[in-house]
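Participant: In terms of the working numbering, the sequence shown has 339 at position 273, counting the first letter as 1, and numbering is strictly consecutive.
No lab work stands behind these hints, which were simulated from the structure alone. Any given hint could turn out to be false.
[As the list claims (entries may be wrong)] With beta-carbon atoms standing in for the labels, derived distance ranges: (1) ALA108 - PRO236: 41 to 47 Å; (2) THR348 - ASP267: 33 to 39 Å; (3) PRO188 - LYS105: 26 to 32 Å; (4) ALA329 - HIS278: 19 to 25 Å; (5) ILE352 - LEU314: 37 to 43 Å.
The beta carbon of each residue, even a glycine, is placed where N, CA and C say it ideally should be.
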Amino acid sequence: MSHKTWLVTGASSGLGTAITESALRAGHKVLATARNPAKAAAANPLIAELGGIWISLDVTQPETTRYVERAIRENGGSIDVLVNNAGYSLLGSIEDMSEAEIEAQFSTNLFGPIRVLKGALPFMRKQRSGTVVNVSSSAGFDAFPGCAMYAGSKFALEGMSESLAGELQPFGIRVLIAEPGIFRTNFLSAFVTPEAGMTEDYEGTSIEGMLHAFRASNGNQQGDPVKAAARILEVVSGTGMGVGKENLLRLPLGPDCYDRFQAKCDSLQENLLQMKEIAYSTNIDI
Numbered sequence: 067m068s069h070k071t072w073l074v075t076g077a078s079s080g081l082g083t084a085i086t087e088s089a090l091r092a093g094h095k096v097l098a099t100a101r102n103p104a105k106a107a108a109a110n111p112l113i114a115e116l117g118g119i120w121i122s123l124d125v126t127q128p129e130t131t132r133y134v135e136r137a138i139r140e141n142g143g144s145i146d147v148l149v150n151n152a153g154y155s156l157l158g159s160i161e162d163m164s165e166a167e168i169e170a171q172f173s174t175n176l177f178g179p180i181r182v183l184k185g186a187l188p189f190m191r192k193q194r195s196g197t198v199v200n201v202s203s204s205a206g207f208d209a210f211p212g213c214a215m216y217a218g219s220k221f222a223l224e225g226m227s228e229s230l231a232g233e234l235q236p237f238g239i240r241v242l243i244a245e246p247g248i249f250r251t252n253f254l255s256a257f258v259t260p261e262a263g264m265t266e267d268y269e270g271t272s273i274e275g276m277l278h279a280f281r282a283s284n285g286n287q288q289g290d291p292v293k294a295a296a297r298i299l300e301v302v303s304g305t306g307m308g309v310g311k312e313n314l315l316r317l318p319l320g321p322d323c324y325d326r327f328q329a330k331c332d333s334l335q336e337n338l339l340q341m342k343e344i345a346y347s348t349n350i351d352i
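Based on the sequences and whatever the hints tell you, model everything.
Facilitator: What follows is the structure in structure tokens.
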């Protein structure tokens, strides 16, 4: 496996840290981004020890594209693998979320990857090769109550990625959507709820129940982020368990994610069959 240059956003914790360390251990060069690289480096000393290069980047900022371009130019002028991993979750009732909270969710989870892509894609197009890994979620395919804005941002990321895969194929650039289920990271301890609190009518409903379930499962998640990172590396490089998976768009990670996706596919198929007669009844009569 030839050594590549990777750029990983949100490398300061969780899956981003695991992906960064996995790529570095495999001998790749990694530009690891974080909003506060000094703090991230102190919390994750192994990344620098393995040769990782910390880059300051806040994907919500308008200057993101320019910063990404500069980081790539200053570190060799090429980029082989881009991992859009930076993100967080805003959970609760839509009614309780302010416009600013909703905009921040989409600015990080959707517009952030777009800003980074606009900085990296010109380099990949020029070299006629590269891989874009957009880190979505099981919520990007199947939405739970209380996750409307988070799931909405990830659904949008997945739709964008589907289109992007076709747009970039002529340039030899691959798009891969990584879809983690529940992994033992700080994700469940770091989710954000609306500053306004919860409207009384939603207390005791599925929204409150889902938030309680998330909090209760924190620290007990069965998913191992190190193994998830290893599978991403293998699918990107076409090695190990990734052999023969080079042309696939989606990478579900975790038994919980796989089972959830299977149930959603079954439900979609049933819905489609039930609605077939209606769908075929709407053409203009000739």
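Participant: Compare the structure with each hint and give your call.
Facilitator: Going down the list of hints, with the structure as the test:
In this structure the supplied range 41 to 47 Å holds for ALA108 paired with PRO236, their Cβ-Cβ distance being about 43 Å. Look at THR348 against ASP267: about 37 Å separates their beta carbons, and that is inside 33 to 39 Å. Between PRO188 and LYS105 the C-beta distance comes to about 30 Å, which sits within the given range of 26 to 32 Å. The given range of 19 to 25 Å is respected by ALA329 and HIS278, whose C-beta atoms sit roughly 22 Å from each other.
Checked against the given bound of 37 to 43 Å, the beta carbons of ILE352 and LEU314, roughly 41 Å apart, stay inside it.
Going through the hint list in order, the structure satisfies each hint without exception.
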